[in-house]
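4 protein chains.
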Amino acid sequence: MSSNSFGTLLTITTFGESHGLALGVVIDGCPAGIRLSEKDFLPDLARRRPGQSAITTARKEEDAPTILSGVFEGKTTGMPIAVIVANTNQKPEAYEKLRNDYRIGHADATFASKYGHRDHRGGGRQSGRETVARVIAGAVAKKILPKKLKIIGHTIQIGPYIAQVYSPATIEKNPVRCADPAMAKKMEAYILKLKSEANSTGGLIEIRVKNPPKNLGDPVFAKLKSRLADALMTIGAVTGVSYGAGFKTAAMQGKDYVKNKENFGGMLGGISTGEDLILTISIKPASSIGQVAKEGRHDPCIVPRVIPVAEAMVALVLADCLLLQQAYSSSSSL
Amino acid sequence: MSSNSFGTLLTITTFGESHGLALGVVIDGCPAGIRLSEKDFLPDLARRRPGQSAITTARKEEDAPTILSGVFEGKTTGMPIAVIVANTNQKPEAYEKLRNDYRIGHADATFASKYGHRDHRGGGRQSGRETVARVIAGAVAKKILPKKLKIIGHTIQIGPYIAQVYSPATIEKNPVRCADPAMAKKMEAYILKLKSEANSTGGLIEIRVKNPPKNLGDPVFAKLKSRLADALMTIGAVTGVSYGAGFKTAAMQGKDYVKNKENFGGMLGGISTGEDLILTISIKPASSIGQVAKEGRHDPCIVPRVIPVAEAMVALVLADCLLLQQAYSSSSSL
Amino acid sequence: MSSNSFGTLLTITTFGESHGLALGVVIDGCPAGIRLSEKDFLPDLARRRPGQSAITTARKEEDAPTILSGVFEGKTTGMPIAVIVANTNQKPEAYEKLRNDYRIGHADATFASKYGHRDHRGGGRQSGRETVARVIAGAVAKKILPKKLKIIGHTIQIGPYIAQVYSPATIEKNPVRCADPAMAKKMEAYILKLKSEANSTGGLIEIRVKNPPKNLGDPVFAKLKSRLADALMTIGAVTGVSYGAGFKTAAMQGKDYVKNKENFGGMLGGISTGEDLILTISIKPASSIGQVAKEGRHDPCIVPRVIPVAEAMVALVLADCLLLQQAYSSSSSL
Amino acid sequence: MSSNSFGTLLTITTFGESHGLALGVVIDGCPAGIRLSEKDFLPDLARRRPGQSAITTARKEEDAPTILSGVFEGKTTGMPIAVIVANTNQKPEAYEKLRNDYRIGHADATFASKYGHRDHRGGGRQSGRETVARVIAGAVAKKILPKKLKIIGHTIQIGPYIAQVYSPATIEKNPVRCADPAMAKKMEAYILKLKSEANSTGGLIEIRVKNPPKNLGDPVFAKLKSRLADALMTIGAVTGVSYGAGFKTAAMQGKDYVKNKENFGGMLGGISTGEDLILTISIKPASSIGQVAKEGRHDPCIVPRVIPVAEAMVALVLADCLLLQQAYSSSSSL
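Residue numbers (the numbering used here), protein chains in the order written: chain A, 1 to 334; chain B, 1 to 334; chain C, 1 to 334; chain D, 1 to 334.
Wrong hints could be hidden among the right ones.
Because identical chains cannot be distinguished in the list, a pair is counted as satisfied if it fits within a single copy or across any two copies.
[Claimed, not checked] For lysine-lysine, the following DSS-like pairs were computed, each having C-alpha atoms within a straight-line distance of at most 30 Å:
{"id": "1", "residue 1": "248", "residue 2": "259"}
{"id": "2", "residue 1": "214", "residue 2": "150"}
{"id": "3", "residue 1": "261", "residue 2": "195"}
{"id": "4", "residue 1": "193", "residue 2": "147"}
{"id": "5", "residue 1": "210", "residue 2": "173"}
{"id": "6", "residue 1": "261", "residue 2": "143"}
{"id": "7", "residue 1": "214", "residue 2": "248"}
{"id": "8", "residue 1": "186", "residue 2": "259"}
Think of the hints as simulated: they come from the structure by calculation, not from any bench.
As the structure is a prediction and not an experimental result, all values here were calculated from the model.
Chain A with its partners taken away, still in its complex shape (with noise of 0.2 Å):
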């Protein structure tokens, strides 16, 4: 299968490089009949574009999505759903200089190495902004998912910060996206200051959904956790991915891990029990400092804007999993 292909009902194909003609992608397996229209993918557009607040790049990306296909007097049609954004703020001139300035920590140089050339223009496909697909995708895969099913993704640590309290009406009131509002202060703060030193800071982000189907996944080689790990961990910025008490669970004993329903992450034996789905993944601190952050592009903290990614991508996995798993809860009438 392609490797810009993920999903094996729903599928998404992305394509496009940060500084060509235009990013897209193409969503197909989605139901006949559902209400769709390109407003649906200003949100979370909105929440993952730059420049969204002091605490992240500068640079500006107008997203203006298209609907070119699968959509048919306002309803999905059955048929493949491509949409793609015109790059409108291409200035290859100023990356001629970059032509041949490998940056450290970058993908620069493995592309080089694998592909036998090199676009210099700032990152092509391993740019951050390939992402904006995903969003798009993700925003009708929430479409074929129930109502009631919530996907919340917040901050839970930034460097030293680590948030104590959980009140998620507040996550979306401050640029951090952390659910403890006192915290999220100290995180600003912090972060602020790295921007004016040209540094950057990793961090932590939670994943819950709430009310999700139960039965979702399969053994043994597409359990639900092991999807959504592989989902999560094509994020560039993603370095870890668990589940439940994940890490902690190696300094457990199994009387203590089982007492509590939320060590499970809402999956046993990679099927979803239908309790809350929890996922935690870390983000690595972007790796462009220094020169890169004299001209006005630096992001000294991606990990606020890496949410809505992250929500599209476990979005997807869910939507998937429904599909395929309705291909046999509806087995019985055979």
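Based on these hints, arrange chains B, C and D on the given structure of chain A.
Then chains B, C and D, alone, in the frame of chain A:
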């Protein structure tokens, strides 16, 4: 694709329950002309086997693999290699009392919900016994990989005990498979204590790949890091996966992150750099405690037995990526 | 995906050479709760078997299938169903003289070229014996399909003899599997004459599916007609596949074509209409003539033995498409 | 996998309706470093276009492809190549009267049944316009194939007129694309007569591949012959596919079959021998007759326009098989 299949060019399909007639694996896409016999499977099967030492379950499993196809005159033919292992230790009557007894923290309930029935005989496909098939397949994968490539799994934490020393020659000389011999003793004592209490412990495993080929992995959804995360998370006991600095990146600053190449874990942009690959997985404590412990089939610490399984999954991903890369590396001749 | 695997949700992976220890199949994605035992495989295996009558090879194959996994207490569990058939009639010494003898019209030479080695013992994977696995899998697929659906293969041409009458009750009552009893006698005599001359004949088979579900098949690359063509063309002896009016459409005018629904073969736009599916396949004459004939393993007409194999492949495609369609037909409840 | 995707390593995903904003294709898995521009698509698009001559529909389609991604400084980058073609000739109002008018022999009804809605504007995805995307992708595939390889499609039958001569230089010099110039004239006259009667005709196409690589195709379910049959049968108008002697094998005797290598069609055991590949496809007469004919959008014979589409599908299969084979042919260096 079959949810019991894994891989793109080098694929495996596993089958079999812990209490059926046999379990096995079909390995397809293996190049022709590789020397292979049943003996090649035995070392890693021995490392995976229960009853190796006092710290694992006393349950006996005699794993005598038979190659049914795909090998002729001692060499692979390019055809699918089917290997089966008969289950000689079936005691279904011992499980009769479990027929209506769903164990906490086990997949019993999710399987029953999803499939509308239940194999109460100790787990069926969600049993750890399924990993026999993976270890066999991993031995084939290792034969496809370059000889100088080494995949080394070792325990770096058990409960509160964290390895401080990396002395690889000692790993297979202690039952914990820890590269810190002094810490291994403490880990072993801790596990024996938990065993006497019918309790269990989790742990952390590092998998280090020496001399990997560069250029493995494909943007954007078949990144080497996401393929490895997927592969490792398909193992039942694994609760988290990270690479390089992993979850430590949450507290890191960019200027520190880029200083040490080990933080990248041997991958940039999802493509291998040729540096050592470094992966960490967290293992949950076995949920089979208390009652089961009384029956002598209790496993107080599965961490050392997960190591050969994790190595096998890494080998399968790397061999598959290598074949994929070969499809393109020779294309210069076109 | 493995080149020895077939299907999307209902998948099969076959393995085994004609002269190895055993051959078999792993069937994955079968719904749970379906009654299944080895007896279910026997009728179609008997129809496929050599030595059924004077017009096929006298070679004996005792096909005693064993279910290794995926069935518990008489029902499918939703887990992969592995079935093996031991090869009891291995006489490798009989083939020793073939070691350097490449047969014209056989796959010997292409296998040797592609894989750099050769299994001279009568064909390996390119042997017709591989179809045992398909017939077993087809029997499982038929259990997934609605009971009223019937897949009926029958011979419509052998050499110059073309069936003129369709009397379905007579198909299994003559060794040619022809629905025209009078013509069947002529076909049989013709085949026996060729047999005496160490020669062979090709033929045509029609496969008719009564009461198929509508809405099967997916635009644009998973059309039902293309999936069926693919499935049937994977059978070694098949040289052509058509549906509905097939090759006769070349000489047809549009106004005549649309007059008779049978011309559409039960599919429009690659999707089943609910009308009978009508498929035709052409079978080449066996290339194993002359020399091989002397050894008594000559098959003067494989056409009647291809019928259960073709039916099995059609069943696999239809069951897979039905599961795929169920993934969407229940989505109205979302 | 997406039902609008095709291929294993070289994959295409097509999208777009005949009356939407645009249609297009994402081509993934193309090697890096191949020269590519929009000009490369124009010759085959011109051969596919309606309105080339008096014998096809007078409908105008201006196909101006734009490469959105995957090409940098005139060469492929190894990243997905997205190409779109805007639909400039949309006249939805012209179709308003078709809203409740289901055409006999068209996919209108099956789409409506399967998806619960209907795009009455001339066909949506089941329209022949979808093949624009295939022709574009085929042009990329041809660049991956060896230069000496040639894929030559030509008409061998139209209604009662059967080509008797093979003069390849004449194929593109007559509107029927027939290699027998004298017969081409008769075919043309026949088509014009049918056109005047608001009727249509089917035909036969032969596709001959000169200088194909040997060793393409994989046993047992990815045989070259089954992959080609699948690929060609995905084209809407194709009703049958055969290779080599094809349906003529039904009446052949083994001793005659093995005498002429052309009977094997360049494949044995599903693997290419290196001899010319020979394929034949039957094309049904367009069902859009009568009423539609009055509107000037009638196509009395689509056979010559199917040729570039069929060639494209063959090119895609061969390029994919070549990449797959390269994965193994370089494995000797391991």
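Any hints from earlier that this structure breaks? Give me their numbers in increasing order, please. Result: hint 4 breaks, nothing else.
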